[in-house]
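Peer 1: Just need the whole structure built from these sequences, with the hints factored in.
Residue numbers (our numbering), protein chains in the order written: chain A, 6 to 117; chain B, 2 to 115.
Please keep in mind that the hints were generated in silico from the structure rather than gathered at the bench. Even for Gly, the Cβ is constructed at its ideal location relative to N, Cα and C. Be aware that one or more of the hints could be misleading.
[As the list claims (entries may be wrong)] Part of the chain A face toward chain B, derived, beta carbon under 8 Å: (1) G34; (2) Y44; (3) L49; (4) R72; (5) V92; (6) G102; (7) G110.
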Amino acid sequence: GDSVTQMEGPVTLSEEAFLTINCTYTATGYPSLFWYVQYPGEGLQLLLKATKADDKGSNKGFEATYRKETTSFHLEKGSVQVSDSAVYFCALSAQAGTALIFGKGTTLSVSS
Amino acid sequence: DTAVSQTPKYLVTQMGNDKSIKCEQNLGHDTMYWYKQDSKKFLKIMFSYNNKELIINETVPNRFSPKSPDKAHLNLHINSLELGDSAVYFCASSQNDRDTGELFFGEGSRLTVL
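Peer 2: In structure tokens:
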């Protein structure tokens, strides 16, 4: 079945470090891909999305490119801040009308 | 105004009890969801309603019964609570049943079963 695999956390970085969180997927067809972020004590928020191959989603300094050849959607940020500390979820929607499938989440902790 | 609101935020109860969680969205969305997040942060879809009609019903024990009185509300009732039901339950909504990737989440309801 369709699935999302994320790198295990936690990821611990110093402020201004470069961030990569790996995400790969398995899906039939052409899924849409998403990154969600969950700050402590809050619900998830959509961070960025890409709906077709080679699309790049970006928001708040975060970027991810939909790579069909490697079935990946890695999240990157050039310079993280303490306020980026959160749990990041990669997710896919296999086709319109099907429920979003989430990866297991990666906890990011940024220290000053 | 909170877009998706859930009550209660915290719920502590004994095994065997029955409890309900309520959810309301003021976004004018047609579709609402319940997700369960376990202690390892893993999120799994439980149910989805579109305009008060059940459209997704994952493999969930029948002790869990969702109800949608109108498209702005989706409640979750749980009978005969078990220890394994302890989790954070998230309500979410999307504009319609096609845009299932762009979800708006509530803050979650943390259920602890003792």
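Peer 1: Hint by hint, say whether it matches the structure.
Peer 2: Cross-check of the supplied hints:
At a threshold of 8 Å, the smallest CB-CB gap from A/G34 to chain B is about 14 Å, leaving the interface hint violated. Of the supplied interface hints, the one on A/Y44 is violated, with its beta-carbon coming no nearer than about 10 Å to a beta-carbon of chain B, more than 8 Å. With its C-beta approaching chain B no nearer than about 5 Å, A/L49 sits inside the 8 Å limit, and its interface hint holds. Taking 8 Å as the C-beta contact cut-off toward chain B, the hint placing A/R72 at the interface is violated, the least distance being around 18 Å.
A cut of 8 Å between beta carbons decides the hint on A/V92: the least distance to chain B is about 6 Å, and the hint holds. At its closest, the beta carbon of A/G102 sits 5 Å from a beta carbon of chain B; the interface hint therefore holds under the 8 Å criterion. Checking A/G110 against chain B: minimum C-beta separation of about 4 Å stays under 8 Å; hint holds.
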